[in-house]
Structure formats: structure tokens, C-alpha cells
Amino acid sequence: MFAMKVVFIVGLSLAFASAQVGVPGGVTELSGDDLVSATNVLNNSLEKLASGDGPNYKLGKVISARRQVVSGTKYIYEVELVSENSTKTCNVNIWSQPWLPNGNEVTFDCPDGKVVKKHN
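According to mature numbering (1 follows the signal peptide of the UniProt record, and there is no 0), the sequence shown holds residues -19 to -1, 1 to 101 in order.
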């Protein structure tokens, strides 16, 4: 009986700990300082791409942002992007592998098509 209680308590503790830090490879919804940091990552990528061969977008609003730790970090956004006089809602993924040359892959999935770009 004592052994069952110990196993139950250890299992409960592990479940609670994994809920606090997330599951490795799992997707985490971002808020607070994590959301601010992810927004900075997105703005940085938008600026780098706009100074190169595009696309030339400005961030209008972050609807949602998530993060997944994979081989690097993958940021998953639903955002409003502003381009010249129009605003559109897009899904944007940034896969960051900073140890690689051009280690940031940015995917824009918008109503008018999908674009994939890389930058350092």
C-alpha cells in the first residue's frame, strides 16, 4: 500500500512538473514577457527581410503566438501584416537555427499565397 502511494505521489509530481515547463518538443502558447520576446523576434525578421529582397511587411497586430523547441526554436504566429495600404491576416512561422548560415527560415502563409524566405 505504501509503495502505491509513493508511485502515485511521484507520478503526480512529474505530471505537475511537465505542465509547468511544457513537454519537450511540445507547443507552448506565449504570454507576458515571452510574448514580448516573440514579437521582437518577428519584428526583427520583418525588418531584415524588408531591407533585402522582401517581402516588405510591417506588423499590425499579434493575434496569437506559440513556441516549439525543436532543432532550434520554431515560433508560430497568427498576425495581421500591413503591406502598403492593405492589411491581411497571415500565419507566420519562424524556424530559428542560429548556428547555421542563414539560420532563420520565415514562412508567410497568407490568403494570396505562401512565401518562404531565409535570413541570418
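There's no promise every hint is true.
Capping the alpha-carbon separation at 20 angstroms, the derived lysine to any residue pairs in SDA-like fashion look like this [stated by the list, open to error]:
hint, residue 1, residue 2
1, 69, 24
2, 55, 93
3, 39, 4
4, 69, 95
5, 39, 82
6, 55, 95
7, 39, 5
8, 39, 52
9, 95, 79
10, 39, 9
11, 39, 69
12, 42, 83
13, 55, 45
14, 29, 11
15, 69, 51
16, 42, 84
By construction, these hints were calculated from the structure, which means they are not laboratory data.
Model, not experiment: these values are computed from the prediction.
How the hints compare with the structure:
| no. | hint | result |
| --- | --- | --- |
| 1 | 69 with 24 | 16 angstroms, holds |
| 2 | 55 with 93 | 23 angstroms, violated |
| 3 | 39 with 4 | 32 angstroms, violated |
| 4 | 69 with 95 | 13 angstroms, holds |
| 5 | 39 with 82 | 25 angstroms, violated |
| 6 | 55 with 95 | 17 angstroms, holds |
| 7 | 39 with 5 | 32 angstroms, violated |
| 8 | 39 with 52 | 28 angstroms, violated |
| 9 | 95 with 79 | 23 angstroms, violated |
| 10 | 39 with 9 | 25 angstroms, violated |
| 11 | 39 with 69 | 11 angstroms, holds |
| 12 | 42 with 83 | 26 angstroms, violated |
| 13 | 55 with 45 | 14 angstroms, holds |
| 14 | 29 with 11 | 23 angstroms, violated |
| 15 | 69 with 51 | 28 angstroms, violated |
| 16 | 42 with 84 | 25 angstroms, violated |
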